[in-house]
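In case you want the letters, here they are:
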Amino acid sequence: MRIAVIEYGMGNLRSVCNAVEYLGCESVVCGTPSDLGPADAIILPGVGAFPHGMKHLRERGWPEKLEQVVLGEHKPFLGICLGMQLLATVGTEHGECMGLGWIPGRVDRLPADRFGLRLPHIGWNDVDLKGNGALYAGVESPQAFYFVHSYHFIPDDGSVVTGIADYGFGFAASVQMGNVHATQYHPEKSHKVGLVVLRNFLKTIGTTDD
Amino acid sequence: MIKVRLIPILLLQNGRLVRAETFSRYQVLGNPFYEAKRYNEWSVDELIYLNITRSGSYVQRSVDQVLTGMESPEATLEQVSRTCFMPLTWGGGLRSLEDIARCFELGADKITLNTAASAEPELVTQAARVFGSQAVVVSIDYRRRPDGVCGVYVRCGQEATGRSVVEWGKEVEDRGAGEILLTSIDNDGLACGYDLGLINQLAAVTSIPIIACGGVGNYGHFVSGVEAGASAVAAANIFHFKEMADRRAKRVMSKAGVNVRL
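Sequence order for the protein chains is A and B.
Numbers given in the working numbering equal positions in the first sequence, counted from 1, plus 2.
Numbers given in the working numbering equal positions in the second sequence, counted from 1, plus 5.
Keep in mind the hints are simulated off the structure, nothing from the lab.
In this text, all values refer to a predicted model and were calculated from it rather than measured experimentally.
In this text, a Cβ means the ideal position worked out from N, Cα and C, and glycines have one as well.
Take these hints with a grain of salt, some might be off.
What the hints assert, rightly or not - Here are the in silico distance ranges between beta carbons for each label pair:
no., chain 1, residue 1, chain 2, residue 2, range
1, A, Arg111, B, Arg59, 58 to 68 Å
2, B, Glu176, A, Gly140, 44 to 54 Å
3, A, His58, B, Gly98, 26 to 36 Å
4, B, Leu102, A, Pro40, 32 to 42 Å
5, A, Pro113, B, Glu76, 27 to 37 Å
As the list claims (entries may be wrong) - Capping the alpha-carbon separation at 16 Å, the derived lysine to aspartate or glutamate pairs in EDC-like fashion look like this:
no., chain 1, residue 1, chain 2, residue 2
6, B, Lys8, A, Asp130
7, A, Lys57, A, Glu9
8, B, Lys8, A, Glu9
9, B, Lys8, A, Glu98
10, A, Lys194, B, Glu46
Unchecked claim - Far from chain B, by Cβ distances over 12 Å, these chain A residues were calculated:
no., residue
11, Glu69
12, Asp110
13, Gly118
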């Protein structure tokens, strides 16, 4: 299977590729839509600031192409960390900025200071699984995953949330809307259980109507 | 709720894994790759890998250097990242945004700056802007002076900067660093416990996570570090010589009421 990993200048792709290859798939780093080719699934990783992420995606012509392949052709899609946040309608890091808008909602800074907590939220945190996520087959709840971020995604429709983590208050650790999956945590950095989540994602290949 | 991280640190010198004492004595432990692999098998929370090569060629000829892919720090990073399904912080000798970008390409999740940050503080600001705060750790190595003030040292503890740890810590936070790796040179390798006073002092004036390092001799020392205000506790030597040290340490921490990932 050929897994496209979208490269848009936002952080470490190698870890994602390493994990995908460990699971027996081919990973192809795609810098522009013309590199995409016949991918079986698409992963949008990324760390960094929301507006930079959107700017880089746009400069490379990704939003239209991804919409066509993911929303039009229903290819399995996994957004990781910033790749989850960019699905929102609007981000608020360094001022308001429009996102991809695939899952209506906004991305706000974690109000950690209100709870006397430090930012970024870095480390392993338990995720309560809501039982509605295809990525969590065979995973017990709660389960610790590795997070590193300062902003969080607040979807308008809470039913898309598949996992909740607590950092003073509950926030969306993962979401799913049809073939669009996303995790705020890093499955590729969450040891064995992270690899299970990735394997579950890869198993969705072929189950959606192309 | 977020768990306290327990982080093994590996030190790389001239292409070999070493253990250190007060930044001045080093003992070769051998292969820089297998230990990382072992920690991955232990399922440790995170790994920090520091290249502390000061001079001489990266690879010094010896029997254990028949390994391929270990001929440069970059090759070592690439090899290590392939076996690490956990967060990997890489540091040592990084001087520019290009050096940093290269580390991310090779599989590091975070980088740590020390000497270069001190020489050119703007590098911290730029790195945070380009790669995000969460990817930028600033290492602060320090010695406690007789008057009690803690002074920042660079170049593997060789050179005093004239800065105080508290002032420098605040500055790097303002510049966008995402974490501080705080190492007491005085306590390094002596198994006497962390310098709790400074952890406490720095935690009080900063709001980014502090990773405490230097001096752990028993598992209880990790607990004290957390109580002093560290968000994560790190050590090097204690993990080398005991099997499953990570798990044993976590059991002790958990029993003491620290929220760890078991």
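Exercise. Quick one: which hint numbers does this structure break? Sort them smallest to largest.
Key: 1, 5, 8, 9, 13
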